[in-house]
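A.B. asks: Single-letter residue listing:
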Amino acid sequence: MAEYLVQFGFPVWLAYGGIAVVQCMILLGIMMGAAATFTWMERKVSGRIQDRLGPTRVGGRFGWLQSPADGIKLLCKEDLIPKDADPILFRLAPYISFSASFSVFLALPFANGWVAQHLNMGVFFILAVAGLEVYGVMLGGYSSGSKWSLYGCIREAAQVVSYEVPLGLCVLIPVMVAGTLDLVTIGNMQQGWGWNWMIFHSPFMFVTFFIFVTCAVASTNRAPFDLAEAESELVAGFLTEYSGFRWSVFFMAEYGSMVMVSGLGAILFLGGWYGPIPVAELLGLTHANHAILGWLGDLLGACNFLFKAFLGVTVMMWLRWTLPRLRIDQVMTTCLKYCVPLAAAMFVGVVLWSYALPGGIFPRKTPLGAVAEGPTWPAPQATGGETP
Amino acid sequence: MINWHTLFFFLFAIPTCLFAVAVVVSANVVRMAVCLIASLACVAGLYFLAAADFVGAMQLMIYVGGTLVLLVFGVMLTGQGGYASMKITSTNWLMAGLSGGALLILLLGCAALSVDAWSPKTVAQSAPTAEAEPTVAPLGMGLLGIRVDRLSQPEATLQSGMSGYFLPFEIVSVHLLVVLIGAAYLARTRRRREAEDSA
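Top to bottom, those sequences are chains H and U.
Counting with this note's numbering, you get residues 4 to 391 for the letters of the first sequence.
Counting with this note's numbering, you get residues 27 to 225 for the letters of the second sequence.
The shape of chain H in the complex, shown without the other chains:
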């Protein structure tokens, strides 16, 4: 894209810089829009599930007025900093959460080749950067100078550090089957009909997906794992002293990481940007036919991917409004006594399954584990398409 502009006489720095800014803005715009949509959805879902009368009645047609009203309320709230707080860290904390949560989208592909920065270790980068989000919560809780906040942030630290282990194990399993850490390649391996999705690789992989969902919900601090803000015990946990805009920054970070985790699950287990029926392929929308047709196919893939990610977020809302909150010891038991051993057992199961049935049970279009093909070293797979 930038090279295209350079052809028309734009200076190089302006072309590259401008395109970078435009791409960042598109990404931020999508995520901000998503956050607004999700607050609206959260109200609607909670209203329907828990039979709350407010959200199903208020706010004009479909309750659209509620989100702008929320926004205005948050901007107009008084911006408090407690007397005992550490002012620098207190101000810094929300932005750490926010930037960690949104930097992840740098490496998350939205369709075949539609990725801001194609890293050959995208999965690893995402896990590493997503792990930084905990600092926002910890610093926010510590610097507030409040007991409730401190309790919240200590719980958060314990929980996040523990759940990184099973989450990493669950991510490792599809990565091992695919033989690569490249998210674009992993997505493209699941091309074709729905049974090519990674989740249907083996019964063990099927179980792994549900462990992944549990750990993903825990890592985003959503109920039933929202111990860091447990409003029935800790007022609002690490958020107790935050109000107005800073609080909403934390909230956007939470929604951002929800989309990120759902997207990661979609790519690793649920076929990424390929639907259960290869519509784009049946209609001939591939790069082999024509560049524009291929672009249309990619667009369809991006819609597919976003649909899966949003479906994942909806499931997380459904869980939040259905399940009661766990106690801290139950959270730790779930992690250390159930998730970690189960994930490890599934790992062994998938290894044995891949060893016994290298070709899998279903016919595949793209073979799995192209890396483990013996002495001839395959060149890094070139994935078509430039960043949009």
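Rather than coming from a laboratory, the hints here were simulated on the basis of the structure.
All C-beta atoms in this analysis are idealised placements derived from N, C-alpha and C, irrespective of residue type, glycine included.
Treat the hints with care, since some could be wrong.
[Unchecked claim] Short, incomplete list of chain U residues facing chain H, as computed with Cβ under 8 Å:
no., residue
1, Arg57
2, Ile63
3, Met87
Following the hints, put chain U in place on chain H, whose structure we already have.
C.D. replies: Same frame as chain H, now just chain U:
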């Protein structure tokens, strides 16, 4: 035209140094930890800039995301009073300055000796970021005992390096496992003794 690589190098390198100094200067322990986080994260940025994606992500995962969470956690649990702060005497400053300065001179001397042609171009500007497309897969295969980069070598003597890093990797893994079991064992015994005392 601007040299983007140099610009971004300084964009990461200067904060690295500034935050590192701030770690030393600051008296508040948690602020120190935050400065250390920022400094290490900027080092990760430098790794990414040098096209060493894997090392950069490792830096983020292990140092920034792992070790420092435990550090901040420890500071929060052990800190007495409102905000833990440290007072540094002038003797401490002198000793720190002497040892730190000696190490810095040693490091700079070694770095200066190791550069073939002492000119800034070899270090910062001509780094082949665009050409080098290293992937993680050769690294992983190396840890499994197959040196992919040596396979294409025609000479048998060079191919003999095929043993890879399997043995060191396993030694380190077993070592870490022993440490892990040891830590768990130590934590267990203490609890048991307390139970006996109370009984």
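A.B. asks: List in ascending order the numbers of the hints, as given earlier, that are violated by the structure.
C.D. replies: Structure breaks no hint.
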